[in-house]
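Undergrad: Sequences listed follow chains A and B, in order.
Taking the numbering used here, I'd label the letters of the first sequence as residues 1 to 458.
Taking the numbering used here, I'd label the letters of the second sequence as residues 1001 to 1458.
These aren't lab readings, by the way, just hints derived from the structure by calculation.
Each hint should be verified, as a subset may be incorrect.
If you anchor each label on the Cβ, the simulated ranges turn out as follows [said to hold, decoys possible]:
#	chain 1	residue 1	chain 2	residue 2	range
1	A	302	B	1124	49 to 59 Å
2	B	1307	A	358	17 to 27 Å
3	A	422	B	1124	33 to 43 Å
4	B	1351	A	426	50 to 60 Å
5	B	1397	A	243	19 to 29 Å
6	A	425	B	1017	44 to 54 Å
7	B	1120	A	260	45 to 55 Å
Just so you know, even glycine gets a beta-carbon here, dropped at the ideal spot from N, CA and C.
There are 2 protein chains.
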Amino acid sequence: MAVAGALAELESLLGSRLARSAADRALHGQNETWFPALPPDAVAYPETTEEVARIVTVCARHHCPVVAWGAGTSLEGHALAAEGGVTLDFTRMDRLLDIRAGDMQAVVQPGLTREALNTGLRATGLMFPIDPGANATLGGMAATRASGTTAVRYGTMRDNVMALQVVLADGRVIRTGSGARKSSAGYDLTGLFVGSEGTLGLITELTLRLHGQPEAISAAVCAFERFEAAVETVIATIQLGIPMARIEFVDETTAAIFNAANGTALPVRPHLMVEFHGSEQSVGEDARRFGDLVAEMGGAAFAWASGAEERTRLWKMRHGAYGAALASRPGAMGLVTDICVPISRLAEAVRETRADIAASGIPGPILGHVGDGNFHAILLVDRGDPEALRTAKALARRMAERALALGGTMTGEHGVGMGKKDLMAMEHADAWDVMARIKGALDPEGILNPGKLVERRQ
Amino acid sequence: MAVAGALAELESLLGSRLARSAADRALHGQNETWFPALPPDAVAYPETTEEVARIVTVCARHHCPVVAWGAGTSLEGHALAAEGGVTLDFTRMDRLLDIRAGDMQAVVQPGLTREALNTGLRATGLMFPIDPGANATLGGMAATRASGTTAVRYGTMRDNVMALQVVLADGRVIRTGSGARKSSAGYDLTGLFVGSEGTLGLITELTLRLHGQPEAISAAVCAFERFEAAVETVIATIQLGIPMARIEFVDETTAAIFNAANGTALPVRPHLMVEFHGSEQSVGEDARRFGDLVAEMGGAAFAWASGAEERTRLWKMRHGAYGAALASRPGAMGLVTDICVPISRLAEAVRETRADIAASGIPGPILGHVGDGNFHAILLVDRGDPEALRTAKALARRMAERALALGGTMTGEHGVGMGKKDLMAMEHADAWDVMARIKGALDPEGILNPGKLVERRQ
């Protein structure tokens, strides 16, 4: 058997850093949502790029699948071993290699988490703002083109990865990009590997763009009678050019879930949570203009969180939404899905999604990064209720179809993985075949994260 | 002969819109720099995407090269017919198809120029800020990943192209991206086609990101005794987070050329030209902080251009640098080359380049978009002096080597084309082979802009 041959060789290469125990395999066969367990045959813990290259070379020779594992926080089954094989856990490659303060860049290994990076940057006056909520690894965030609450201001991983070191399917090591802020020296390979979900190569080093820690930060939460008013406020904020660092929508169901989980007393109504970054002066000005707008739109219960502690509580609550939603319905698992539409179609997309969820009978709080037109539904499905799971999947599919009909995309940030592969042809038509051709050119044997994102072409 | 067969079919398809006259061919075999003429066998003037697809299908069947032509303003011979064939001139596909003001997007055909787009946007309060100097077509700007003076604030074409329609080498038409501000639905094909220089497909429609016209604009030019002080001012401006919309360096040679061409009386010293965009208040604040910094760095002769006319004159002078440089030495042609380095290495890169040019005896004004670490040398070579051309090429090569040694890239914005193909292996090593594999997967017959950017793999 192909895998057995690879494992024997890898064992002699890695010793105890090739784990074959049931516990290790099970841990790397899990995910945070509804996908059934798909454990690998073994878990490798590489320590250097050269070791990753050697592992991939061995696996290539034996046609053994190779799956990358960061923190396991992705939501579409990206890191599951769909066809078995070896999972590479990047825990031991978690160093902050270099801070180039003058160039506002950091060089990191893929297993470093975003929180650890920001801890390492604290004294420099710089930060890495991309914030998907979970304390994901930077390698995983690049591989899935993560974004989150701050993308409205700082962009996504696409905009903040400047250069990569990548191990190809044949074991060769390449570098893409450079330390320069821009380049027109050929195809944008950095951009190609960002978001490729481990199907084109394994990221072993990243050069990231850093940003200055803002001199002043101001955050607020405010309630609206109707969700339409909240969404219209977002659109008006964008059109007035008020520079938001974050602008999050949560619906009334989410507000109730927050109250139950955090002991808060938010009105059970739709809310916006916002944050401004800048100088004392500009933040004050932005907050004032935004406040005026909210008043005009009939928003109420406006509460500013100017202290750091209060702000931390606010965003911790927001980031804890998924856990709080699961806790609100014991025995349930979450099918978390996201879409992204042009801002002008956001109200329509939210309205139709709300109605669709309400009609389904499945609890489904809605919340999202509305400054980008991106929102999520957390569909709560009782474990062992296959009918409810089918209903939730159908809801998610209709959300994706709705996003496409409105000129958007079936996923703004969660990615394709296993969960949305069957929607790719619908979104991309022949462009999905272009992706398959690229996959075939870079991984002809199909050993890199098989079963995800593309169909294999023979 | 392969081309003859294609031309016969295309003539019956396009009638008089397939031009075979010597004049038409010569016009499309020219370039703005030093490359010898390379005319195509014929020039096609398509009017629709479907027509482009039909042309490519015919050419594919006959293995006839296909070259895209926008405004012909590229600087590395991108649009020359290196192996003959058919050049597609997009002049007749120059419509502004849609302005989506609410989403701050415009949909355009590839032959529309950036100035025509901004004229069309004037009444909307929106603008497309990417400004490579020349009035290039938006299709060409996307294909070469253009940037220019405003990239320091607004990014490059990579950051401002949201979606594309592309005709592939087999005549299929695909769409990449969407109207959503972000997506994680698979490989970033938009980013792959942007900067691919017509070697992977022909762009037939673009969805562009627009920006609000700034409420206030302020521009200034100031002289420095030493170029190092100018460069240090740029670095300090970035590190203080003063948001520049433009920050341009010109050396003393360029200042003298400006004076001769424009009747100005700039001190013959290094200069910075800057511009700030924002509210009246923020622009005033930015200008004040920048002014303080310049004073600290010993800058002098600080002149603000607050009126629109004065500003237009300033940037027209800047954009006219190449023409003015050519005019300064009758009978000369320009070998214009650019590199881009991390900001922290910029002073070093400029210093060494100045010394190298001075030692060569070739006139070579230096100027550039220093906020990105990107600068140009205009090497003036007398026509009919092959020795001078060899010297200039060697200088350009050493500039590229210097950029790589400093952690940068051999071209920040001019691209690869024919001029820098022989440097690609040096910058990318095995990653250039990855580009060739992608090229092979999408254009197996090698009909799309052959001889540019990649080596053909057989």
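Undergrad: Are the hints correct? Go through all of them and say.
TA: To see whether the hints hold, each was checked on the structure:
| no. | hint | verdict |
| --- | --- | --- |
| 1 | A/302 / B/1124: 49 to 59 Å | violated, 32 Å |
| 2 | B/1307 / A/358: 17 to 27 Å | violated, 58 Å |
| 3 | A/422 / B/1124: 33 to 43 Å | holds, 40 Å |
| 4 | B/1351 / A/426: 50 to 60 Å | holds, 55 Å |
| 5 | B/1397 / A/243: 19 to 29 Å | violated, 43 Å |
| 6 | A/425 / B/1017: 44 to 54 Å | violated, 35 Å |
| 7 | B/1120 / A/260: 45 to 55 Å | holds, 52 Å |
Taken one by one, the earlier hints fail for this structure at numbers 1, 2, 5 and 6, listed in ascending order.
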